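J.: Line by line, the protein sequences are chains A and B.
If you're matching positions, the first sequence starts at 3 in my numbering and goes up one per residue.
If you're matching positions, the second sequence starts at 3 in my numbering and goes up one per residue.
The hints are simulated quantities; they were obtained by calculation from the structure and are not laboratory data.
Bear in mind that the values here come from a model prediction, so they are computed numbers and not experimental data.
Any given hint could turn out to be false.
Since copy identity is lost for identical chains, a pair holds within one copy or between any two.
Derived BS3-like pairs: lysine-lysine, alpha-carbon spacing no greater than 25 Å straight-line [as the list claims (entries may be wrong)]:
#	residue 1	residue 2
1	364	76
2	310	157
3	436	330
4	450	330
5	63	310
6	450	273
7	436	385
8	310	385
2 protein chains.
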Amino acid sequence: PDTSSKASASPAEPKGKRPPVLVDGVTLNGPTLDIREAESFLRDAMPIIMEEAVWKATDVKEKVCEWRSPEQLKDLLDLELREGGEAHPQILQRCRDAIRYSVKTGHPLFFNQLYAGMDPYSLVGRFITEAINPSLYTYEVAPVFLLTEEAVLQKMIEIIGWQEGGDGIFSPGGSVSNMYAVNVARYHHCPDVKVLGLSALPRLVMFTSQECHYSVAKAAAFLGIGTNNVYVIPSDKRYAAYCCWLLLVTAGYCWLLLVTACWGGGALMSKKHRYLLQGIHRANSVAWNPHKMLMAGLQCCAFMVRDKTNLLQRCHSAQASYLFQQDKFYDVSYDTGDKSIQCSRKPDAFKFWLMWKAIGTKGLEERVDRALAMARYLAEEIKKRDGFRLVMEPEYTNVCFWYIPPSLRDMADGPEFWRNVHAVAPVVKERMMKKGSMMVGYQPHGDKANFFRQIIISPQVSREDMDFLLDQIHSLGMDL
Amino acid sequence: PDTSSKASASPAEPKGKRPPVLVDGVTLNGPTLDIREAESFLRDAMPIIMEEAVWKATDVKEKVCEWRSPEQLKDLLDLELREGGEAHPQILQRCRDAIRYSVKTGHPLFFNQLYAGMDPYSLVGRFITEAINPSLYTYEVAPVFLLTEEAVLQKMIEIIGWQEGGDGIFSPGGSVSNMYAVNVARYHHCPDVKVLGLSALPRLVMFTSQECHYSVAKAAAFLGIGTNNVYVIPSDKRYAAYCCWLLLVTAGYCWLLLVTACWGGGALMSKKHRYLLQGIHRANSVAWNPHKMLMAGLQCCAFMVRDKTNLLQRCHSAQASYLFQQDKFYDVSYDTGDKSIQCSRKPDAFKFWLMWKAIGTKGLEERVDRALAMARYLAEEIKKRDGFRLVMEPEYTNVCFWYIPPSLRDMADGPEFWRNVHAVAPVVKERMMKKGSMMVGYQPHGDKANFFRQIIISPQVSREDMDFLLDQIHSLGMDL
Numbered sequence: 003p004d005t006s007s008k009a010s011a012s013p014a015e016p017k018g019k020r021p022p023v024l025v026d027g028v029t030l031n032g033p034t035l036d037i038r039e040a041e042s043f044l045r046d047a048m049p050i051i052m053e054e055a056v057w058k059a060t061d062v063k064e065k066v067c068e069w070r071s072p073e074q075l076k077d078l079l080d081l082e083l084r085e086g087g088e089a090h091p092q093i094l095q096r097c098r099d100a101i102r103y104s105v106k107t108g109h110p111l112f113f114n115q116l117y118a119g120m121d122p123y124s125l126v127g128r129f130i131t132e133a134i135n136p137s138l139y140t141y142e143v144a145p146v147f148l149l150t151e152e153a154v155l156q157k158m159i160e161i162i163g164w165q166e167g168g169d170g171i172f173s174p175g176g177s178v179s180n181m182y183a184v185n186v187a188r189y190h191h192c193p194d195v196k197v198l199g200l201s202a203l204p205r206l207v208m209f210t211s212q213e214c215h216y217s218v219a220k221a222a223a224f225l226g227i228g229t230n231n232v233y234v235i236p237s238d239k240r241y242a243a244y245c246c247w248l249l250l251v252t253a254g255y256c257w258l259l260l261v262t263a264c265w266g267g268g269a270l271m272s273k274k275h276r277y278l279l280q281g282i283h284r285a286n287s288v289a290w291n292p293h294k295m296l297m298a299g300l301q302c303c304a305f306m307v308r309d310k311t312n313l314l315q316r317c318h319s320a321q322a323s324y325l326f327q328q329d330k331f332y333d334v335s336y337d338t339g340d341k342s343i344q345c346s347r348k349p350d351a352f353k354f355w356l357m358w359k360a361i362g363t364k365g366l367e368e369r370v371d372r373a374l375a376m377a378r379y380l381a382e383e384i385k386k387r388d389g390f391r392l393v394m395e396p397e398y399t400n401v402c403f404w405y406i407p408p409s410l411r412d413m414a415d416g417p418e419f420w421r422n423v424h425a426v427a428p429v430v431k432e433r434m435m436k437k438g439s440m441m442v443g444y445q446p447h448g449d450k451a452n453f454f455r456q457i458i459i460s461p462q463v464s465r466e467d468m469d470f471l472l473d474q475i476h477s478l479g480m481d482l
Numbered sequence: 003p004d005t006s007s008k009a010s011a012s013p014a015e016p017k018g019k020r021p022p023v024l025v026d027g028v029t030l031n032g033p034t035l036d037i038r039e040a041e042s043f044l045r046d047a048m049p050i051i052m053e054e055a056v057w058k059a060t061d062v063k064e065k066v067c068e069w070r071s072p073e074q075l076k077d078l079l080d081l082e083l084r085e086g087g088e089a090h091p092q093i094l095q096r097c098r099d100a101i102r103y104s105v106k107t108g109h110p111l112f113f114n115q116l117y118a119g120m121d122p123y124s125l126v127g128r129f130i131t132e133a134i135n136p137s138l139y140t141y142e143v144a145p146v147f148l149l150t151e152e153a154v155l156q157k158m159i160e161i162i163g164w165q166e167g168g169d170g171i172f173s174p175g176g177s178v179s180n181m182y183a184v185n186v187a188r189y190h191h192c193p194d195v196k197v198l199g200l201s202a203l204p205r206l207v208m209f210t211s212q213e214c215h216y217s218v219a220k221a222a223a224f225l226g227i228g229t230n231n232v233y234v235i236p237s238d239k240r241y242a243a244y245c246c247w248l249l250l251v252t253a254g255y256c257w258l259l260l261v262t263a264c265w266g267g268g269a270l271m272s273k274k275h276r277y278l279l280q281g282i283h284r285a286n287s288v289a290w291n292p293h294k295m296l297m298a299g300l301q302c303c304a305f306m307v308r309d310k311t312n313l314l315q316r317c318h319s320a321q322a323s324y325l326f327q328q329d330k331f332y333d334v335s336y337d338t339g340d341k342s343i344q345c346s347r348k349p350d351a352f353k354f355w356l357m358w359k360a361i362g363t364k365g366l367e368e369r370v371d372r373a374l375a376m377a378r379y380l381a382e383e384i385k386k387r388d389g390f391r392l393v394m395e396p397e398y399t400n401v402c403f404w405y406i407p408p409s410l411r412d413m414a415d416g417p418e419f420w421r422n423v424h425a426v427a428p429v430v431k432e433r434m435m436k437k438g439s440m441m442v443g444y445q446p447h448g449d450k451a452n453f454f455r456q457i458i459i460s461p462q463v464s465r466e467d468m469d470f471l472l473d474q475i476h477s478l479g480m481d482l
């Protein structure tokens, strides 16, 4: 095709003036969005975003957060939506405020969740997709983003080790991936479930390991199975990088439903550490979120099935005639949107594809290896220091530990000791947030008292930051 | 609190050099992400994004798309993910290519889906949230984005007309909102369904109007109800701006489950046109996607419930102890993440909040009024022109019409005539895409032959574009 020429006969070319057309009191000639004004706004806004939300937000010398209580922040932000609009200077100030009072999740001292850091390639990928604003139903409207999604999925499937290949789709979060897994499994067992509902099946029972109870419960409730039909199998004391689910339908059917490696999947990139996910290729489906360990940016969640029979499509399709016309002029097998439970869907794979292109498989591997080495360093430091105690040896990059203030160090181990320790982390957390010096999560677990849960991901994190973290916790909690 | 001082004792301050630490073969001192290199990459990439993906992509004189077949595009993009990374100039070229071959959904001549256009305020909001990369589980990590979400939801609820107030959550798409509605309804009727599953209930039956069968079927299948248990009620000949669902559990329980106003909800902003959604306040839940008519950018989908009893939370909560700790130092009722079926969740309301602040309720209303007037203009033009025929009078901004090429104009109305007409739209569509001149969807409907479905949304669309559209269809299809 002739690709050099622009669309001819474009409406902007003059073709005889016509008087303004008025319909229902609205003048319709010409566009009403002032593109010059839009340009000037974006020109003013972009340096603020780059300076405040990218560079300052990832600078270790800046604060991680600027804490305000909900009541204070409501006043500061002036949330009310009014009849009239606001001028550009005011909107620019709102942008500055929104950035200022947001938690800087890309900051090297943000250790609070299972994601962190800032990758410049992924960020550029996200800016591109936000500007283009595509939706991934059909090849016709999202050719680049459907092809990059397919390329990323096939590479991830290869890395999982499904030699016979597989299929997949990006979903809006690991919890939704889990739901896909349950739905695909019951449909695989009994395709009638799609039309007849669960009444077509005997009672479904799911087994899951202890550490993934939260998302399994959500899936079981939402998909009509019920949380009581989830049986939790005690796992060993370590918290593995992944967890397994089984779906059991009477004694006759048992599927290794899913390996949830949303967080742990990153280890697959490392020759040194992929043994942590040994046997993952035996699963019928895998959920793996590159927005976590691999820093692809929220959200980037792959759900993959060991299947070449178009199971995903058969299970979820509804064949909307206004989207999935079969009389199109290209191969409609590229219109993969009907595999999804969503209709409009964001291009979550592209940012990951661009980052992967930029740093290569080797670059991803180096990041994972370094994060694991850093976790090992932190664990050894914790063992060396008075008043710090590991909850368990880390296997991955979550390092769980207690801080014991001097006042408790001579107390005998027992219920009162742990009651006191339990109260330490919330206070230290409050103090670090009000200071804005760093963010690390805490949690109880079963009968274990509140402990810190340090997550290491980003290549911007240094050994010095680990030392700082421990120093800081001690200095914030030593009087308790 | 003292907000001016930076976090003290930051790790970047020198505190005595220590020799490099080596763990597992990895040197851990200092960050390994080269921030200077990242800065230089972003400095080079941003002008490309602004020029190619924002300004050229919304310029009516440029092409809407640069069509390539899947096979051609795979070659052009070089999709393969390799061991080694690529240098910046090559990655920048990949950015240019990705933009070039993407469909420009913000272009004034993109009429293909239920969303279109580019709003500069929303775009800046999206750039901010991509840079900050938050996840909306807790106030602790997403204070600004949870409060703006709440403000937007409360204003939307006020506009719906629920005088007693309500609750809501942003979801990743209207289809997921629909699933929320079904799950909330059955839980409202019988809270045991969460733990016992559907076996706790008699067979559920859903009624829905004809025009929303697609997403209802997906929801019924996914939630274990089964598509056979969805009964479709023929709607009148017009395609209303919304559709209703009922949930029926035996004769004893009937809920006006949901009004799906994902697309039509925009009319609520208009004093002149909100009568199209008359009675919407009587629904128990409403799905409304501001990313469609209100141009908030994909995705921006509110699911709202007429409820003040924390129904959403009770229905979906799983109380993950690592996220929703109850011993935090602030009011944890702001940690609204457990209302959601998702765990990580994007800040989809913020971009809408910023745009609403900038143009006001009045600005949104003017856009809606103008789009409806433009649809009216197009419909009248279609009536005036030879060879164009309306499928029905438009009630909203979807204008559905057939183009009858000269060769068919004298043929008698009958099966052969419609078989011929049916073949016209796919060919015209192929030609417009290969030319890149515009994009408009087509579809069959029931026994109706393929017709064009023109969607009008953006304030960048002018009356001249409507004329161009009809001229262009005629010039592309007159030889058929």
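J.: State for each hint whether it applies.
T.: Right, here's what the structure says about each hint:
| no. | hint | in the structure |
| --- | --- | --- |
| 1 | 364 <-> 76 | between (45 Å within a copy, 23 Å between copies) |
| 2 | 310 <-> 157 | within (15 Å within a copy, 47 Å between copies) |
| 3 | 436 <-> 330 | between (58 Å within a copy, 13 Å between copies) |
| 4 | 450 <-> 330 | between (60 Å within a copy, 17 Å between copies) |
| 5 | 63 <-> 310 | neither (51 Å within a copy, 44 Å between copies) |
| 6 | 450 <-> 273 | neither (34 Å within a copy, 58 Å between copies) |
| 7 | 436 <-> 385 | neither (28 Å within a copy, 66 Å between copies) |
| 8 | 310 <-> 385 | neither (49 Å within a copy, 50 Å between copies) |
Checked against the numbered hints given earlier, the structure breaks hints 5, 6, 7, 8 and satisfies all the rest.
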